[in-house]
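Respectively, the protein sequence lines represent chains V, D, F and U. Our numbering puts the first residue of the first sequence at 1, with every later residue one more than the last. Our numbering puts the first residue of the second sequence at 1, with every later residue one more than the last. Our numbering puts the first residue of the third sequence at 1, with every later residue one more than the last. Our numbering puts the first residue of the fourth sequence at 1, with every later residue one more than the last.
These aren't lab readings, by the way, just hints derived from the structure by calculation. Careful, some of the hints might be misleading.
[Unchecked claim] Quick list of in silico lysine-lysine cross-link-like pairs, BS3-like style, CA-CA up to 25 Å:
hint	chain 1	residue 1	chain 2	residue 2
1	U	Lys363	V	Lys279
2	F	Lys283	F	Lys294
3	U	Lys204	U	Lys55
4	F	Lys287	F	Lys2
5	D	Lys111	V	Lys91
6	U	Lys109	V	Lys111
7	F	Lys298	F	Lys326
8	D	Lys232	D	Lys279
9	D	Lys92	F	Lys364
10	U	Lys109	F	Lys109
11	U	Lys326	U	Lys364
12	F	Lys326	F	Lys363
13	V	Lys43	F	Lys326
14	F	Lys172	F	Lys2
15	U	Lys2	U	Lys287
16	F	Lys294	V	Lys43
17	D	Lys279	F	Lys2
18	V	Lys111	F	Lys283
19	V	Lys279	V	Lys232
20	F	Lys326	F	Lys364
21	F	Lys197	F	Lys132
22	U	Lys2	V	Lys279
23	V	Lys43	V	Lys147
24	V	Lys43	F	Lys197
25	F	Lys197	D	Lys111
26	V	Lys91	F	Lys109
27	U	Lys160	D	Lys43
It should be emphasised that the depicted structure is a prediction, and the values quoted were computed from it without experimental measurement.
The lines below spell out each chain.
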Amino acid sequence: MSIFIDATTRVLVQGMTGQEGRFWSEHMMSLGTQVVCGVTPGKAGETVHDRPIYHTVEQALRHHTVDAAMVFVPPRLTKDAVLEALAAGIKKVVTIADGIPLHDTVIIRQKALECGARVIGGNTSGVITPEVAMMGSFPHWIERVYKKGTIGVMTRSGSLTNEVTAMIVEQGYGVSTLVGVGGDPVPATRFAELLADYQADDDTHAVVIIGELGGTMEEEVADTIQSGRFTKPLVAFLGGRNAPKGQKMGHAGAIITGGKGSVADKIKALEAVDAHVAKRPREVGLLLKQLGVKP
Amino acid sequence: MSIFIDATTRVLVQGMTGQEGRFWSEHMMSLGTQVVCGVTPGKAGETVHDRPIYHTVEQALRHHTVDAAMVFVPPRLTKDAVLEALAAGIKKVVTIADGIPLHDTVIIRQKALECGARVIGGNTSGVITPEVAMMGSFPHWIERVYKKGTIGVMTRSGSLTNEVTAMIVEQGYGVSTLVGVGGDPVPATRFAELLADYQADDDTHAVVIIGELGGTMEEEVADTIQSGRFTKPLVAFLGGRNAPKGQKMGHAGAIITGGKGSVADKIKALEAVDAHVAKRPREVGLLLKQLGVKP
Amino acid sequence: MKLHEYQAKTLFSEHGILIPNSRLIVDLTELEDALAVVGFPCVLKAQVLSGGRGKAGLIVFVRTPAEAREAAERLFGPTHRIGRLLIEQAVDIAQEIYAAVTIDATLAKGLLMVSAEGGVDIETLAVEHPEKIHRVTFDLRDGLAPYQATGIVYALGFDKNVSRTLANVLIKMAELFMRLDAELLEINPLFITTEGKIVAGDGKLIIDDNARFRQVEFDEEFLEEGDEAAREAHAEGIPFIRFTGDIGLMCAGAGLTTTVYDLILDEGGTVANYLEFGGPNYKKAVKAMEICLKVPSKVILIVTFGTIARADVMAEGIVDAIKRLKPDRPIVTCIRGTNEQEATTLLEAHGLTPLFDTEEAVKKAVALAKEATS
Amino acid sequence: MKLHEYQAKTLFSEHGILIPNSRLIVDLTELEDALAVVGFPCVLKAQVLSGGRGKAGLIVFVRTPAEAREAAERLFGPTHRIGRLLIEQAVDIAQEIYAAVTIDATLAKGLLMVSAEGGVDIETLAVEHPEKIHRVTFDLRDGLAPYQATGIVYALGFDKNVSRTLANVLIKMAELFMRLDAELLEINPLFITTEGKIVAGDGKLIIDDNARFRQVEFDEEFLEEGDEAAREAHAEGIPFIRFTGDIGLMCAGAGLTTTVYDLILDEGGTVANYLEFGGPNYKKAVKAMEICLKVPSKVILIVTFGTIARADVMAEGIVDAIKRLKPDRPIVTCIRGTNEQEATTLLEAHGLTPLFDTEEAVKKAVALAKEATS
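Chain V with its partners taken away, still in its complex shape:
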């Protein structure tokens, strides 16, 4: 099993005729993902990897049953593409674009909440259930990172994710489903909102979250554990522990404001509910082992 996507998920790709869309659609398909059609305005009638292209999502849905939309469009156009998918009634959307305007990300999340839809992204590699299905731009060919297994992974980062999952794999574990919620200050889906899915997934034995300074997503995870709605072992690794206060490092999301959102705060919140916080990437795998999590 898995969360969000599996081998039966029928995926529509928005922006499939673009360079990125073509490249990653092929990799999604090669990994087992059911890509059923694509959408690019002006390109109806063409095909990409033998899949038909339509002008609009609405037009595509007249010919296909679709469970999820994968958005490969530039950041400036992402809001419109996501809203198109949501307006057409699609309840799962992944958008990877890096550089979506902040106010657009707010509207995307707002509309997703209103529709009861789950949008993952942006500024992420997407979602992967290793060896089963993938939506996004994961280099699943890097085996020492994307190995099938029992650990659910949620992350705000890109390269750091590889760093951490490599350490999980090093200890003999693999990943059930990895969800990159993304590095934007307003990710469309937040860590805590995915915990119920991991809780319900029998093949997920523990969850690893890869967090960062800034925001309150890690604190929300602690709240969810506190409420008893998530009971599996949870290990967190958080970047920015030693970051100087008030500095903006990389992501706009990583601004420390008013003493909230510092890594120290996050560690305190998580440890208060008996979640485990690794100091170094390597400790993540070691902690899973120590906790007796079954691979």
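Following the hints, put chains D, F and U in place on chain V, whose structure we already have.
Then chains D, F and U, alone, in the frame of chain V:
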């Protein structure tokens, strides 16, 4: 019985300290309406007719249980006042202002639909259950118009309503509840949306609608009858039967466009579902009698 | 408030919607300069608010200075008395589209309607081929989303070359509709030129009078035209329409006025003017009477059933107006509502015979009008 | 993009939020004219982006021309090297408020925060008296509704005289926040003057860099300040922060770079600069190295784990940079990800000893830095 308001409805008055608010609040109370408090920013601590005034609806709700909000504020401020009431969770709102900007009326109706609330108005006298309760600016002292009885009345007009209800009363009938949906092109509540309430009200034996050229509210009433969701006798009087095509007479809502919304179209739609259309105001009362409606 | 074509087009242009090169002239002396700028062939378009300008000969296509002068002389001349003439470059048209933005009152949304067959009688198309008019609604807070504009453009069958440009124009139309508090923004025809440009061939724009307080750019320059009575009524905010019949209406409430209009025609009468002095105008009886008297009519019929618009206040105004204006024609009153008794006493004291039944009042007015004619 | 106080205030003023009378000067010669316009008493405010200007002596209250000249000489002088000085009229202050608009990421709304106690250390207030900071969220499509602004103003205990004016300022702040695609719009202090006017005493405005394409009014004039390395990094869109330690970071991915930073400090090392050339910048290794070399450091540590940002492409860039720039300090690499083998071969061929474990690489860099120091 009645619809929308009765003797138990607890009403908050927005704009109660203004001239209009004071005047009509007193009349509402004299008719039996339970006015529990008022709201005018900057006037908290004052009282009007022995009722306490608060700065905001939110503040008022901390001290009172409220079922409905009556809005007596100028048209430019109406949208804000209605949205304030809706945001505070009030599910019944009456707003009488004449001259609310069209785009504001659209937002008011949109928000009302989103909240599952019923907003009546603007550009109306409001809602009256004669001899029981009233929200709005009805001259209930005119007895030959506002007599208690068994006829539900819905209207888009002001003076014409008096003209028609006088004719109902002339034939020995009275009114269960009269709802002025208002003369704006976009009334917050439409005729058809009230039919279920009248259907469920045992004391309403028949419904009279007072319509006009323009819009499609009367056609929607016909659709509701057609669907079987309203089965009581229904008599309509429609102004503008002889109006020259394309002229804009009075209300912006009374524009005939593209052959739709003409009174002839409305009559055709209503007669097709065995509703009765009076040619003159006087015929309304006569038709009720002819149909054997019990007073 | 309806805007003239040239006013609507100025707003379109300011908002990035292409319009043909043009000049507005107000008399013949300005023609030559305008033609020099616009060139030939061009179109002379009378700036009047009524529809059907083409059929009425108020839009003239010309190829030479002589043709232009002849047409301009005719339009500025005594038959048409056109005040403003738009001299507009003729566009090389590949296709004519219909596009309009208005409100969907039931859904509480903005409504965009587009047809690939513009320029023709769109009302006939709407009745005979409703499927040819594509519709999409949008949230007035969001505007028309690019995907919605793209969707409607491809659904209409446009090809890739035109679609992006056209979608952009549709988005701009929706933006302008929202920004201007418009009741209607219609471009018919919207040209696709042989070069693939999208150009507004006409422009109908109605601004919501209730929103004038926040649409301050529409100063007097933008006011509606009309005769003196119409202008005065407009200035007072009194709804007024002029007809050519016998009975001058001076009623309160749009619904009641419209009903009285119906009843007059049912009785075989005719209407000289529609005038509605209800609501906030109920204290303006003197002004209303003054406007009514400027319109030729045989009788003035006053019908009210006022509530907040008190009967006694209206009666006072009417009595005052009669004293001051000394009307030259009979007056029939049917004034009811709040303080009706006081109103009645007052009217009777000034020699009027108030009636209280609308039908009776209508019958009397029609009879008086016939008497005066015979 | 952070704006300077004077830039933020110009935008406030254009949007109808009052600001004190002021002049911006760039050197001493402009002082006299500015003082003539602004008058006394006034405040000299250094226009720098760092916080805590008051404590750093960068804001000076003056009463006389002599005091003004002394302060200006000091600020323009060699110690502070201020580039721009705002000469601002001193305002008669009755009360200082804190007001800010930002985003509530969880609710996906705009967030307005207001406290009646402005001017002080708001972060301390937030921790010690969170109840004194009132919050209200609003839909980014609707803006702050008047009733929300009114509600927060009365909840804060303001009286009727100030409340409407203050509510209007809050609404304008929200409007400006939305119009400018801001991350943060903060006014602290927001003055209530003794005359009951609301005047912005300071202005912090951060514009979303991702929205720069539709916020075209922010041209080069609005760019962030900094040294040469910072300006070059900014021009290339490469995230860069300068510190004062030993190890120059050149990593890919914000999360990974931050983690490497943490690990260095855990090992007892110090950081010379943060530089992140991941994502779309992964092909800019040469430029990244060039910027790193402009910062004094004892060793450069390169850590990547790239996917789309291919390891071989990054390695090529690094090799190219080494060849061209001939770095004067040791380089430690830990480059993994897509085409890692090709990357490794390439690096080894150019005399480097690639590592593959981040912790190991960090330890080596710290050791090299210590060697260089001892």
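Status of the hints after comparison with the structure:
no.	hint	verdict
1	Lys363(U) with Lys279(V)	holds, 15 Å
2	Lys283(F) with Lys294(F)	holds, 19 Å
3	Lys204(U) with Lys55(U)	holds, 17 Å
4	Lys287(F) with Lys2(F)	holds, 24 Å
5	Lys111(D) with Lys91(V)	holds, 23 Å
6	Lys109(U) with Lys111(V)	holds, 11 Å
7	Lys298(F) with Lys326(F)	holds, 15 Å
8	Lys232(D) with Lys279(D)	holds, 20 Å
9	Lys92(D) with Lys364(F)	violated, 45 Å
10	Lys109(U) with Lys109(F)	holds, 22 Å
11	Lys326(U) with Lys364(U)	holds, 21 Å
12	Lys326(F) with Lys363(F)	holds, 24 Å
13	Lys43(V) with Lys326(F)	violated, 75 Å
14	Lys172(F) with Lys2(F)	holds, 20 Å
15	Lys2(U) with Lys287(U)	holds, 24 Å
16	Lys294(F) with Lys43(V)	violated, 64 Å
17	Lys279(D) with Lys2(F)	violated, 32 Å
18	Lys111(V) with Lys283(F)	violated, 49 Å
19	Lys279(V) with Lys232(V)	holds, 20 Å
20	Lys326(F) with Lys364(F)	holds, 21 Å
21	Lys197(F) with Lys132(F)	holds, 22 Å
22	Lys2(U) with Lys279(V)	violated, 32 Å
23	Lys43(V) with Lys147(V)	violated, 36 Å
24	Lys43(V) with Lys197(F)	holds, 21 Å
25	Lys197(F) with Lys111(D)	violated, 39 Å
26	Lys91(V) with Lys109(F)	holds, 23 Å
27	Lys160(U) with Lys43(D)	holds, 8 Å
Violated hints, listed in ascending order, are 9, 13, 16, 17, 18, 22, 23, 25; each of the other numbered hints is respected by the structure.
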